[in-house]
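**Student:** Chain residues, written in single-letter form:
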Amino acid sequence: MSKLKRWIVLGVVFVLIMGLAGCGNSAEIGKATNSGKASGKEGKTIYRTLDEIKKDGTINIGVFSDKNPFGYVDENGNYQGYDVYFANRLAKDLGVKANYVSTEAANRIEYLQTGKVDVILANFTVTDERKEEVDFALPYMNVALGLVSRNDNVVKSLDNWNKDDKIIIISGTTAETYLTENYPDIPLQKFDSYATAKEAFENGTGVAWANDNTEVIAFSLQNDGYTVGIPSLGSNDTIAPAVTKGNTTLLDWINEDIKKLGEEQFFHKDYDETLTETYGDKYKETLVVEGGKSE
Amino acid sequence: MVDFAYIERVLPLYERAAVLTVQLGIEGILLSIVIGLVCALILYEKIPVLRRFVMIYIEVSRNTPLLVQLFFMYYGLPKIGIVLTPEVCGVAGLAFLGGSYMAEAFRSGLDSVENIQRESAYSLGMNRMQAMCYVILPQAVSTSIPAFLANIIFLLKETSVFSAISLMDLMFTAKDLIGLYYKTTESLALLVVFYLMILLPVSIVGAVVERRVRYAGFGA
Amino acid sequence: MPDLGLEVLMKGNNLLRLFDGLWIAVEISLLSIVISIPLGILLGILMTRKNRLVRFLTKFYLEFIRIMPQLVLLFLVFFGTTRSMGWNLPGETAAVIVFVMWGTAEMGDLVRSALLSIPGHQYESGKALGLSRRQTYFYIILPQTLRRLIPVSINLITRMIKTTSLILMIGVVEVLKVGQQIIEANRMVSPNAAFGVFLVIFILYFVICWSVSMTARYLERKWS
Numbered sequence: 013m014s015k016l017k018r019w020i021v022l023g024v025v026f027v028l029i030m031g032l033a034g035c036g037n038s039a040e041i042g043k044a045t046n047s048g049k050a051s052g053k054e055g056k057t058i059y060r061t062l063d064e065i066k067k068d069g070t071i072n073i074g075v076f077s078d079k080n081p082f083g084y085v086d087e088n089g090n091y092q093g094y095d096v097y098f099a100n101r102l103a104k105d106l107g108v109k110a111n112y113v114s115t116e117a118a119n120r121i122e123y124l125q126t127g128k129v130d131v132i133l134a135n136f137t138v139t140d141e142r143k144e145e146v147d148f149a150l151p152y153m154n155v156a157l158g159l160v161s162r163n164d165n166v167v168k169s170l171d172n173w174n175k176d177d178k179i180i181i182i183s184g185t186t187a188e189t190y191l192t193e194n195y196p197d198i199p200l201q202k203f204d205s206y207a208t209a210k211e212a213f214e215n216g217t218g219v220a221w222a223n224d225n226t227e228v229i230a231f232s233l234q235n236d237g238y239t240v241g242i243p244s245l246g247s248n249d250t251i252a253p254a255v256t257k258g259n260t261t262l263l264d265w266i267n268e269d270i271k272k273l274g275e276e277q278f279f280h281k282d283y284d285e286t287l288t289e290t291y292g293d294k295y296k297e298t299l300v301v302e303g304g305k306s307e
Numbered sequence: 114m115v116d117f118a119y120i121e122r123v124l125p126l127y128e129r130a131a132v133l134t135v136q137l138g139i140e141g142i143l144l145s146i147v148i149g150l151v152c153a154l155i156l157y158e159k160i161p162v163l164r165r166f167v168m169i170y171i172e173v174s175r176n177t178p179l180l181v182q183l184f185f186m187y188y189g190l191p192k193i194g195i196v197l198t199p200e201v202c203g204v205a206g207l208a209f210l211g212g213s214y215m216a217e218a219f220r221s222g223l224d225s226v227e228n229i230q231r232e233s234a235y236s237l238g239m240n241r242m243q244a245m246c247y248v249i250l251p252q253a254v255s256t257s258i259p260a261f262l263a264n265i266i267f268l269l270k271e272t273s274v275f276s277a278i279s280l281m282d283l284m285f286t287a288k289d290l291i292g293l294y295y296k297t298t299e300s301l302a303l304l305v306v307f308y309l310m311i312l313l314p315v316s317i318v319g320a321v322v323e324r325r326v327r328y329a330g331f332g333a
Numbered sequence: 029m030p031d032l033g034l035e036v037l038m039k040g041n042n043l044l045r046l047f048d049g050l051w052i053a054v055e056i057s058l059l060s061i062v063i064s065i066p067l068g069i070l071l072g073i074l075m076t077r078k079n080r081l082v083r084f085l086t087k088f089y090l091e092f093i094r095i096m097p098q099l100v101l102l103f104l105v106f107f108g109t110t111r112s113m114g115w116n117l118p119g120e121t122a123a124v125i126v127f128v129m130w131g132t133a134e135m136g137d138l139v140r141s142a143l144l145s146i147p148g149h150q151y152e153s154g155k156a157l158g159l160s161r162r163q164t165y166f167y168i169i170l171p172q173t174l175r176r177l178i179p180v181s182i183n184l185i186t187r188m189i190k191t192t193s194l195i196l197m198i199g200v201v202e203v204l205k206v207g208q209q210i211i212e213a214n215r216m217v218s219p220n221a222a223f224g225v226f227l228v229i230f231i232l233y234f235v236i237c238w239s240v241s242m243t244a245r246y247l248e249r250k251w252s
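Going down the list, the sequences are from chains H, D and G.
Using this note's numbering, read the first sequence as starting at 13 and increasing by one per residue.
Using this note's numbering, read the second sequence as starting at 114 and increasing by one per residue.
Using this note's numbering, read the third sequence as starting at 29 and increasing by one per residue.
Extracted from the complex, chain H is given alone in its bound form:
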């Protein structure tokens, strides 16, 4: 692309964005009465305060609908899984009904910033980049990255990578960020949902699938013929609920609730109910974070 063309593109983009921003400003005047609004660093972010959620009687919670056993939908159309078990409890403690909104990995931040959900409980790993966009509450689970591959060709290392082999990743996950930054030469095959990624992996696409190690371990246990060749990759992180940036009332309440739940060992029970069937008791102590205290 020539330099001239590049400038034309930049120019048109600029005009378009100014147009959008202009509409935004004029729209804001009529919105002054709308409470619980704060300006983000780009555009506007909207959220509902704790009181507004209580008054409404429903909390909108973003969860996965295709990430078994953390967030999925059973054959009767009900949301289930480790995240959902916690979400149900949050709603109950708050005294409101839980409305589940199905989300994809790449949409999670967007859904919070645009007020489509009040809280994200979709296996959301805490990272510094994400902290700039949303507010994380106390963690409830430990996680690192992992790599699962087929038994006949177990991938144990990412070094000396064969350029023709692709790794499956899901768009918008920490695995994508990690591999893009640290192994830019490994070709990635990107999918936009867990459902499509797993389906394609099963159908023979890619040599390996990189994701949260919890999820790839679950996949290898639930399906025959797969081995987790790299059980831990990158840094050890935590998973926590996230709210829209600046929504302190909701954030503080969730933190209080997580601390309280620690006293009754709630997340151990959550593990027993939702994860034992897949993992057994093997990962209980490494995976569960109780009372928001991760060491």
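Each hint can be trusted.
Below, a list of computed lysine to aspartate or glutamate pairs in the EDC-like style, where the Cα atoms sit at most 20 Å apart:
| id | chain 1 | residue 1 | chain 2 | residue 2 |
| --- | --- | --- | --- | --- |
| 1 | D | Lys296 | H | Glu144 |
| 2 | H | Lys178 | D | Glu200 |
| 3 | D | Lys296 | H | Glu141 |
| 4 | G | Lys87 | D | Glu323 |
| 5 | D | Lys296 | H | Glu193 |
| 6 | D | Lys296 | H | Asp140 |
No lab work stands behind these hints: they were computed from the structure.
Let chain H serve as the given structure and place chains D and G on it in line with the hints.
**Tutor:** For chains D and G alone, kept in the frame of chain H given last:
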């Protein structure tokens, strides 16, 4: 504010995606032209049995969404042992969809050629094949050009669903970048600009040709 | 007989859930078309006006909507408006907005050509009968136009129903997403579910769109 450094940085990704969009689009369109021509001729010549199959194909292809066709092909077919790469699936899906639209365009072109043309060709001593190739087809093709161009725009637009089978086209690139760097406004604006760069020229050519030909029944 | 993964549909409410998912698509299309018809007529009338500015704006609108892939429009409305205007739209609403924008444009263009195709003597006869400009429109021109529009709008409904499959990509839980959820929940017991589920969805879409197109074709033949 607008982050120009970001736009500069991701521009090459969009360029690569645009190339993929155009490349798969062209491959799919070329195939659908072939399918369309064959189907239109079968219908026009009223070839028994084959005609039935063509009619069923046209109904199925026109009454199902490309996205569902692609899902079935890419995620469903491997279960019965047919494994295709996303690229092959995308082109095949586009051709399957486009074939019926092209067939309709060519058929209405063929129907518009008056019978006297064929009869005159025969009386000049041409055989069936020659009459088709030298007399009927050239006229039919030229009358079907507006509908044909409308189909091309339609098919290029349809490539936007390729993202569902993990092809890194413009749509997926924009979505992926939003998920990676959270710059929604810039990513969406670039998406619009790139689609305009691809589709506007085709659309302008279409408008000019339409004005020249002024043929009724324009549109998909 | 190989395992085609059809048995999962018999479990729990699975088949019913698929129908529910498809119904969302049909509902969105019907609602959009109902809103599009009056707006489209308005746009069509505007497009036949002599005023240059009006003509330019309507033409620009029509061309922009036509040239952009529907998926791009969905993204712009779903993510773009929330960002820049502070609206918070659920996916279903965003879908209806986009389909109405699209339906209005298509319908407007059809109304425009239908209006132009009505011979001039119809207007003149109205005038000769002492009808005002507005009365001529309402009693003579529009009824003739509307009749020509019905088959085409039904056609537009099939195109919309087909396009609703795209709302999967903005996170609406519709038939494809329900299908994915069913496949996901049964991955261990029926590994081949993807074939059966997507095949059934394919057939369901075909049955609905095909019957609607057949109706359109019948009406077209009857009224032409």
